[in-house]
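Peer 1: Build the complex: two chains, separate frames, hints provided.
Chains X and L, in that order, give the protein sequences. Take the first sequence: its position 13, counting from 1, is numbered 13 in the working numbering, and each next residue is one higher. Take the second sequence: its position 122, counting from 1, is numbered 122 in the working numbering, and each next residue is one higher.
Below are the BS3-like pairs computed for lysine-lysine, each with C-alpha atoms no more than 27 Å apart in a straight line:
#: 1; chain 1: X; residue 1: 34; chain 2: L; residue 2: 186
#: 2; chain 1: X; residue 1: 58; chain 2: L; residue 2: 158
#: 3; chain 1: X; residue 1: 34; chain 2: L; residue 2: 179
#: 4; chain 1: L; residue 1: 158; chain 2: X; residue 2: 23
#: 5; chain 1: X; residue 1: 23; chain 2: X; residue 2: 208
#: 6; chain 1: L; residue 1: 201; chain 2: X; residue 2: 232
#: 7; chain 1: X; residue 1: 232; chain 2: L; residue 2: 179
#: 8; chain 1: X; residue 1: 34; chain 2: X; residue 2: 295
#: 9; chain 1: L; residue 1: 186; chain 2: X; residue 2: 232
#: 10; chain 1: L; residue 1: 2; chain 2: L; residue 2: 158
No lab work stands behind these hints, which were simulated from the structure alone.
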Amino acid sequence: MNHEQAVKSMTDTMSAFTDYVGKHLPDDVLAKLKELRAQEDSPLATVVYDSMFDNLAKAGELNRPACQDTGVIQYFVKAGAQFPLLGEVRAILREATLNATRSAPLRHNAVQIFQEKNTGDNTGDKIPWIDWDIVPADSGITIEVYMAGGGCSLPGQGRTLMPAAGYEGVVEFVFDVMTSYGINACPPILVGVGIAGSIEVAANLSKKALFRPIGSRNPDARGAEMERLMEKGLNGIGLGPQGVSGRNSVMGVHIESAARHPSTISAAISTGCWAHRRGTIRINGDLSFEIISHKGAQL
Amino acid sequence: MKKILTTPISNEDLASLTAGDIVYLTGQMVTCRDMGHRRLIELGIPLPVDLQGGAILHAGPIVRRAGEGWEMVSIGPTTSMRMEGYEREFIRQTGVKLVIGKGGMGPQTLEGCRESKAVHAIFPGGCAVLAATQVEEIERVEWLDLGMPEALWVSRVKEFGPLIITIDTKGNNLIDTNKATFNERKIPIVKEISAQVRFIK
Chain X
1 MNHEQAVKSM
11 TDTMSAFTDY
21 VGKHLPDDVL
31 AKLKELRAQE
41 DSPLATVVYD
51 SMFDNLAKAG
61 ELNRPACQDT
71 GVIQYFVKAG
81 AQFPLLGEVR
91 AILREATLNA
101 TRSAPLRHNA
111 VQIFQEKNTG
121 DNTGDKIPWI
131 DWDIVPADSG
141 ITIEVYMAGG
151 GCSLPGQGRT
161 LMPAAGYEGV
171 VEFVFDVMTS
181 YGINACPPIL
191 VGVGIAGSIE
201 VAANLSKKAL
211 FRPIGSRNPD
221 ARGAEMERLM
231 EKGLNGIGLG
241 PQGVSGRNSV
251 MGVHIESAAR
261 HPSTISAAIS
271 TGCWAHRRGT
281 IRINGDLSFE
291 IISHKGAQL
Chain L
1 MKKILTTPIS
11 NEDLASLTAG
21 DIVYLTGQMV
31 TCRDMGHRRL
41 IELGIPLPVD
51 LQGGAILHAG
61 PIVRRAGEGW
71 EMVSIGPTTS
81 MRMEGYEREF
91 IRQTGVKLVI
101 GKGGMGPQTL
111 EGCRESKAVH
121 AIFPGGCAVL
131 AATQVEEIER
141 VEWLDLGMPE
151 ALWVSRVKEF
161 GPLIITIDTK
171 GNNLIDTNKA
181 TFNERKIPIV
191 KEISAQVRFI
201 K
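Looking at chain L on its own, in the form it has when it is part of the complex (with noise of 0.2 Å):
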């Protein structure tokens, strides 16, 4: 059964998810990326965006006018770790719950998921329309003087996913894991391929 988290976002319904799990998100959902970060933390400018319990996902949407508002055309996650720096300060100001994005996140977003009972998950990277029609309706955009992909664009989403929950509240990190393992394999592989390609004698 599909396990689906709704905005607003409690501290229980975090508590019981663990790295490696899937899930979806209904309710509202941000984007927010390296601009959105950057004003809040270092220029100190407060979002226009309540984000209390709230959904973040890093991206830059292609949008086009609909009507008198906006429809979502395609929306893929971008890297997170380009927000690594400012996201353990940012899930502490402003009570987000989850954080979407693509790759993973480094030990400063952990911390900040432990101290604030947040999590970091992954939509899968390129799937842009398929994230798209699970927008159900552009309720918003703030900041759009930052252009299309920066701009704060104020989402209703409906089983938004798959989610791949990549830091937990519990201080786990799967993509720092795997990558962990990725280096081991890598020693033997590389020294077995060297002793192939010694072309130059």
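Isolated chain X (complex conformation) (with noise of 0.2 Å):
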């Protein structure tokens, strides 16, 4: 395969895996759910539930994107320090973008700042997002494609406490912006948390905390014991699906740190609905892939 050849080939499977990602949740979100789904019993939860159910059936029969909502796309990428075409990666990531759009397709939601006009094809200023992750030694490329609609991202808060505030100020304001915001963003939500000595870094965490998997905890004990805490707590309020009420609120809540400054504790919050449309997919270095996030999925 000569250069030419390669890009094209893994401009191809991003933008395959792109649409894909609009269509089908992944696996741990996927039983997530249904797992939720069996403990509730009132009338309005298991009518949102099946309707829920009833609608991943349908766009996955009709190949359409599961919400119409399909997001400012973004891509979390574990770029191997050796991998081949690690120069081209964000201009092959545009194109998947301009692929997935027409080919899904996906609704255009990237509307340029101050010109305040819609692309109409999902890109824009530094738009698809990529957020980068140097990995050395690696020769392959991991990559996050994440969709998150309007609903799901304006809970998306930070605020920077003083360290008197403690991690009692993380819980207050994450429950504060879940007793307010949350509703809207299609519950049952995941809840991705940052904490860290300053605001853009928190911010960033959060959203990082989206990407683990469902079930899976903090390496620290006291951070997966906040996590269970707080999961618990979330649960306790029973915002039910879509705020109807019910016996839970969130998916889970997962936490990621930084170290911070003495003076200062950053807590941020980003949340995902539902419909929690993320995918991970490992390229290698000779450009067989391999999904991980959705096993068996064909591209």
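Peer 2: This is the structure in structure tokens:
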């Protein structure tokens, strides 16, 4: 395969995968939704869950995006330092966005700042957004594709607290956001919390927390315990699916952190709706690939 | 048995509905969200669709060309609260009877529903393909200059739903009542968790 063929091959893979992610939920999300549905018995909660599963079945059958709001496309990349197409990845992902927008089709969501014009193809200034991480001594690349609608991006908030506010302040902040904005974010929600020394680091980590497999825990014992406590507590509030009330509120709470400054404790929250359209793909140096998030998926 | 509202919807059709009821819609439904509301209320531009006894959906769909017409690919509700500042006046001016969206709406819409005899309902968010399969035909589109999500898509729907009534004509607001409950439940829960996360000593 020459260079040109390699670029085309990866573009085709990423176009097809971006298209696919809008139509099929990842395995862990699907399993969690089934588990939560089984716990509901009120007529309103039941009718909402039934609609959700009916919708997913129809999205697969008719090959259509599961939710009309396919977001502003984001890619979170863990790139091996030796990945042969490293320099081409940005252009490839832009092309993949354009292709998937046509093929899926995806709703046009990219509105240029100040010009306030919808570009009509889901690309724009710095969009698709790409977040980079370099992995030493690796010749492959792992890419998270994420499309979040407006509804589940609206609760996104950050706050820098005085250290005396402590982790208690973080808990209070997360719960306030969830009871004020959570209903519109299409519960059951996946809650990502970032804790760090400054706001942009916390915000970035809160989004990355949404990519951890549901049910996984923060590696620190206290972090894991805080996740468990908040998950149980938020479920105790009982937002139910779409806020109609029910036995649960969330699919999970994930916390990611970076060491903080002694004088600050920043917290940020990002939420993912029940239709949590994220997909993880690993592309090897020879451009063969493996889809990690959706077992058995065919592109 | 399914309770079905058919357009044009009359005041009597809505009188017996209570927040929390589940209904379906048959007839005409028009998508209308931020820009449609803004044009009518703030800019005073009349809507190019007659909504007397009609239904609107707060939504921005995915549509594609199908021959001479259009096909509804995917259409789910969007956050209704964005339209809160406009809806009371919108209901008053247009005579719309059913406002469908996602999440709750506030006191102004509640007042508008009471005085003009209208209701607000939610369609389960994210269920956009299910909704699209209940659209029989896109009759026409207006204000396409606003772009695909904001244009007014005039559709004929059959048993569109489930629609959960959140604001009825009698002054009940399901989501507001739920929110009050959620906030009450929150206080002791946050207190209990806070006591266990005092990691800074």
